[in-house]
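Using the sequences provided together with the hints, build the complete structure.
Residues in the sequence shown are numbered from 0 upward in steps of one, following numbering that gives the first Met the number 0.
It is possible that part of the hints are untrue.
[What the hints assert, rightly or not] Simulated pairs of lysine-lysine, DSS-like, Cα-Cα distance not exceeding 30 Å:
| id | residue 1 | residue 2 |
| --- | --- | --- |
| 1 | Lys2 | Lys142 |
| 2 | Lys44 | Lys142 |
| 3 | Lys57 | Lys107 |
| 4 | Lys107 | Lys44 |
| 5 | Lys2 | Lys44 |
| 6 | Lys142 | Lys107 |
| 7 | Lys57 | Lys44 |
| 8 | Lys2 | Lys57 |
| 9 | Lys5 | Lys107 |
| 10 | Lys5 | Lys44 |
Bear in mind the hints are in silico, worked out from the structure with no lab data behind them. Small disclaimer: the values here were computed from a predicted structure and weren't measured.
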Amino acid sequence: MAKRRKISNLLALGLLSALMTRPMHPYEMASVLRARSKDEDLGIKWGSLYRVVQNLEKHGFVQVVQSERQGARPERTVYRITEAGQAELVDWVRELIGEPEREEGRFKAGLSLLGVLSPDDAVDLLVDRINVLEGRLAEADAKLTEHAERVPRLFLLETEYELAVRRAEVEWARSLLREITDGSMPGLAEWRAFHTTGEVPSELAELAERGTGPD
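Now the structure itself:
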């Protein structure tokens, strides 16, 4: 079961991930997430941006670094992620990857931020997810077989579809798991190095800079 969090809006998760690169003001965070297409992956609604940032500060997940002003532009507050924020980010992504839920989009959201976790951690969580899903599939298959003996297939099509989708998810997760464990996944070395050295990969740093752009 999904953990009850102080902030459940996935925008908060995205903002915390953006701040892993460097301190930013809210507009920069939003620009970085758009550049990485995380607004689509996380189903973000931008109208709540500043309220979510305020809530992150309220709960100690981010803190103010400084306020800055450029020319005649309004003053902007720069935030950095705290240790509590880093812990919340990692724990949240771990939950999205390792604990299957019926709510659509949770796994996709977790995958979009998988780099927050180490490759070894990701492997363990994928194994957990696959095991849970395989158990659920076996149980659902048995129920479908039982129902098919007395219910016309026409009224079981949605169940067949759901099972097919879940099987496809398991097969895809197995494929990803193989790529990580056998070392064939592109970018795996950089991903692992990030969690060994703490140094943000150059590609990600460049993407963050492009995302901020002129404003």
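With a cut-off of 30 Å on the C-alpha distance, tell me whether Lys142 and Lys107 pass.
holds (27 Å)
Do the alpha carbons of Lys2 and Lys142 lie within 30 Å of each other, as the hint requires?
Roughly 29 Å between the alpha carbons, so the hint for Lys2 and Lys142 holds.
Hey, Lys2 versus Lys57, does the alpha-carbon distance stay inside 30 Å?
Holds: Lys2 and Lys57 sit about 19 Å apart, inside 30 Å.
Can you confirm whether the C-alpha distance between Lys5 and Lys107 stays at or below 30 Å?
Holds. Lys5 to Lys107 sits at ~21 Å (cutoff 30 Å).
Given the hint that Lys44 pairs with Lys142, does the C-alpha gap stay at or below 30 Å?
Status violated; Cα separation ~39 Å.
Could you grab the alpha-carbon distance between Lys57 and Lys44 and see if it respects the 30 Å cut-off?
holds (20 Å)
Quick one, are Lys107 and Lys44 close enough, alpha carbons at most 30 Å?
holds (17 Å)
Agreement of Lys57 and Lys107 with the hint, judged by alpha carbon distance not exceeding 30 Å:
OK: Lys57 and Lys107 at ~28 Å, within 30 Å.
Within a Cα-Cα threshold of 30 Å, do Lys2 and Lys44 meet the stated pairing?
Distance of about 22 Å is within 30 Å: holds.
Does Lys44 lie within 30 Å of Lys5 when you go C-alpha to C-alpha?
Distance of about 18 Å is within 30 Å: holds.
Of the numbered hints stated above, the single one contradicted by the structure is hint 2.
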